[in-house]
Amino acid sequence: MFDLDRWQEIFSSIRSNVLRTVLSGFTVALGLFIFIVLFGIGNGLNNSFSKAFMRDATNLIMVFAGKTTIPYAGLQSDRQISFNNDDFDAVVKQSGKKMEYGSPRYTTNLTVKYGKESGNYQINGVLGDEKFLENRTMIDGRYINQMDNERKQNVASIGRMVWRDLIRDGNPIGKSLEINGTMFKVVGVFEDPGGDWDERHISVPLSTLQQMKKSSDTISTIMLSYDQKLTPDQAVEYGKEIEKNIRKRHQISPDDQQGIFVNNNAVNTKDSFAFVFVITVVVGFIGLGTLLAGIIGISNIMVYIVKERTKEIGVRKAIGAKPAGIVALILQESIVITVISGLIGVGLGVLALNLIGNRLEEYFITEPSVGWGLIIAAFFCLVLSGTIAGFVPAYRASKIKPIEALRAE
Amino acid sequence: MSILKIEDLNKSYDTGKSKLHVLKGINLNINQGEFVSIMGSSGSGKSTLLNIIGILDEADSGIYELDGFPIKHLTEVKAAEYRSRFLGFIFQSFNLINYKTALENVALPLYYQNVSRKERTKKAEEYLEKVGLRQWAEHLPSELSGGQKQRIAIARALITDAKLILADEPTGALDSKTTHDIMKLLQDINNEGKTIVVVTHEPDVAAQTKRNVVLKDGRIESDEFINQIVL
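Heads up: the protein sequence lines correspond to chains X and S, in order.
Numbering-wise (the working numbering), the first sequence opens with residue 1 and increments by one.
Numbering-wise (the working numbering), the second sequence opens with residue 1 and increments by one.
Below, computed lysine-lysine pairings styled on DSS-like, alpha-carbon distance capped at 30 Å:
id, chain 1, residue 1, chain 2, residue 2
1, S, K130, X, K311
2, S, K118, X, K322
3, X, K311, S, K118
4, S, K5, X, K399
5, X, K113, X, K214
6, S, K100, X, K399
7, S, K19, X, K307
8, S, K5, X, K401
9, X, K401, X, K322
10, S, K163, X, K322
11, X, K401, S, K24
12, S, K216, X, K401
13, X, K401, S, K163
14, S, K78, X, K401
15, X, K311, S, K123
16, X, K311, S, K184
17, X, K399, S, K163
In short, the hints are calculated from the structure, not lab data.
All chains should be modelled from the sequences, with the hints used to inform the complete structure.
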């Protein structure tokens, strides 16, 4: 294969036919470039969607209380529904193994003071599982836990922004925050992929917060995550079971859309990923189409090149070239052109994706990229087609009688 | 010593409905060192005969021996090998490869004989010298005149030390002054012992060879040794 003379033949032929070479190379490079960019953008869309669901646990189900609009079971409409600890316990009992994590949440906005700094923050009374439900990670210290709840401790896990706002550069752990006149010791600082808003939250033991609020057992929300092993359909069904149970407990009409809201990510995930899938298929289809156009382009140009060189082939045969030598010459040239321009196309495509990077995030495209496996597959697809496209006419050219080739104009 | 022996050679072309009988029993014997011109009007079969002699085309029947080797039912590979070993071609339209320099064009036949690059270049320079174009070695065909191109083609035909040089209307595309120069070169080459067969329709050119073969309607009408006009 490595024959210096043949390489020299090829490069002198390429050098002397720059336009032809550039045109055929351009088809290949453009095909791969568009293919990679489109596929990358499709992946970027996918990333954005995935990320959007990563703000909280992807398998989150939240149950909110509302106001009834339909009279039911002898009760009037316009009834404010309010959950309590028993509701959560009932859901836990009902769920069995279908529940992964679960926490009730009692939400209130209170003034928080630290030294001279103060601000109004959302305080959540929760159980330790909230950390997983909100998909939080600790920067420092720990999250509140079961022990804190059992002992009604005055401890708080604070969001990163709370720390930044109030304590600033100081070490937060062990510092005391004054929440609505009561002192809470900071035991941990968390990060939340939901961003600044979610990082301006403070989590305290549910029992402690309920005690502060005149020993009520009210909760605002029930949060839970379903077992990851459930299929989306099973998860949707599970969400409906919970809804039914709570409707029954609070005597809300099954037709009342306002009395209770259940936000089940399984439903959203199913819909959104179906949407992303469709977009990916469409984008992928366009990309494959471009690749196919590239293949057809290189095929056409190879046919043309061989046609154009028929006379030269005749001369070469007259002075002693063997058929195999003719085929090898044309094939190798076509492979060299497709490989080099293919590499250029891949390089430009990957470069373009890198340049796009996160600049189009507001258009819902995050970190567009294409796997190397796919790139290599597309690359070889084009090179192989270029080779086959070159081989057929080259083989035919090598078969025609030199006298006919010489006569060609 | 016989270089070329042809006995009762026939060739016809299928033109759809009818068969066109181009060569009707040709007998020709050419010895080493001869300078033969094949004449005839167009359609007389002279080009077909030259193509068969050049193993560019194959006869339907008859005997063709080149330097004692029978040329019959050759594979493509074998034909290429024989062309490379026995024959040197000179065409009317030169048929140089336009993106190769004069030197590279001259050296190309040796490439197909797997001669090393160094050797090829050395030999090509030698033959360029012989045709008087040593200083034009690095020029492309497009930068050369018709006569110069034909000289390059002659050097290319000579470089493999072929037994037989075949020239198809070598002066057909040249003016009379250049024709004179090219024929002089061919005479010089012939005088060094090279066997040359020229196809031409120009009586002047034919008169400058040593033997005239005239074809008419696929048969040899006359075949005679003549008094060469030495240039």
